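Below, each chain spelled out in residue letters.
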Amino acid sequence: MDEQPSLSGQAGKSPFQRVLLVLTVTLSLGGVFYLYSNPQLVIMLTDQLWACF
Amino acid sequence: MQNPLAPPPALPLFQVLACGAAILALTMGIRHGFGLWLQPMTQANDWTRQIYGLAMAIQNLSWGLAGVFIGMVADRFGVFRVLIAGGLLYALGLIGMAYADTPWQLMLTTGAAVGIAQAGTTYAVVYGVIGRNVPAERRSWAMGVAAAAGSFGQFLMVPIEGGLIDSLGWQNALLALAGLALLVLPLAWGLREPNFAGGAAPAREQSIVQALLEALRYPSFQLLMAGYFVCGFQVVFIGVHMPSYLKDHGLSPQVASYALALVGLFNVFGTYISGTLGQRMPKRYILAFIYFARAVVIAVFISLPLSPTSVYIFSAIMGLLWLSTVPATNAAIAQIFGVAHLSMLGGFVFLSHQIGSFLGVWLGGYMYDTTGSYDLAWYLSIALGIFAGLVNLPVKEEAIDRSHALSAAH
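Protein chains in written order, with the numbering used here: chain A, 1 to 53; chain B, 1 to 410.
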């Protein structure tokens, strides 16, 4: 059976599923961004970055 | 028009997307943090940085060169077998990197083995299975989702790999990454296409050679390759040389680190948006916009006084434009040539991307060494951006008409 053509992955999802998806994506991206803002990690990363050049 | 010889989609959409996205997040992510091993490996083995740099250059060129041939194998024998071999080689390459104690061993493991493994586990191969199993109405969007996953993997793995080196030491961190690379094997199971069962190739209207010659002679394919060359040049020039550009202008190391994070974060959105827009509007306009926008953003960035704020704004906008060319370029190729040889054709345009990447790194350094600044390299990036925007505009996205070739053959 052919799938219904839709222009994005959002089509066919309930409002609850959409909110859950947006929350999951936001939390994941925010969590990773937080890793970059950890001062110890930033210092270590930048030390390594500068060492490359 | 649907190709009567094209096999119907065989795998469920969610399965293809989940497994393809997870594989890309892993394989693109692992590779993205390799710069973090430069200092500990060169210190431990008493190597120069050039040795490590040469291994990375070999890796990038192996990735591009092997991509064409691995794409042929994936189109002929199925993506599943290629992913299994690629995942194993990736793990072996990382284990070899952990124990390499001569430059030649480093070139062989980090350079050749990991480079070939990347060709067998990243975009061209995964896009082949997406192309064959996702209906054309959703293909560009699906490629955008997969590219966003690859971008997220790059964003995620840099701090994780930094943490692994910190907690386990550089050698054990590589072994841990080898374990992660092996996750490709179970994920590949989800991309096992029934049409390739038993090693039989599905019915096709063209041989590999015919498909390759047709694409290489087709002006729109040449234009897409030219655009992708510029993408590689700009992205790698900025990624490699921007930290030293910022350092030269007296900005603190933290600014470079946050800039990296912003590029990674906005790259996730950019790739997804590009793929989704590809369903609604011609992909040549999306690509032309991306390249023109890069030229404008770079021109504004180098014209204004440099400050942390200008770096963060530049990084966020460049992040949006970073890998957003990937779904649009590959979806255009699928639309023009069909999906039977998509991995090989995707591998071919990626080779052009990798040659551009190599020149971006090398010319950036050469121009800096000869002129004492990055100005000339920035100007070249702007000019190339305008060139790539212009060459993408006349791309013909309609499916290629093979009726003459087919009637001649009968």
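Read the hints as simulated data drawn from the structure, not as lab findings.
Here the structure is a predicted model, which means the values were calculated and not measured.
Errors might be hidden in some of the hints.
Unchecked claim - Below, a list of computed lysine to any residue pairs in the SDA-like style, where the Cα atoms sit at most 25 Å apart: (1) Lys13(A) with Tyr285(B); (2) Lys396(B) with Tyr285(B); (3) Lys247(B) with Lys13(A); (4) Lys247(B) with Lys396(B); (5) Lys247(B) with Tyr34(A).
For each hint, the structure was consulted:
Simply put, lysine 13(A) and tyrosine 285(B) have alpha-carbon atoms about 29 Å apart, too far for the 25 Å limit, and the pair is violated. A threshold of 25 Å between alpha carbons decides the hint, and for lysine 396(B) with tyrosine 285(B) the separation of about 11 Å falls inside it, so the pair holds. With a C-alpha separation of about 47 Å, the suggested pair lysine 247(B) and lysine 13(A) falls outside the 25 Å cut-off, and the hint is violated. Under the criterion of a C-alpha separation no larger than 25 Å, the hint pairing lysine 247(B) with lysine 396(B) is inconsistent with the structure, at around 43 Å.
Straight-line distance between C-alpha atoms of lysine 247(B) and tyrosine 34(A) comes to about 24 Å, which keeps the hinted pair within the 25 Å bound.
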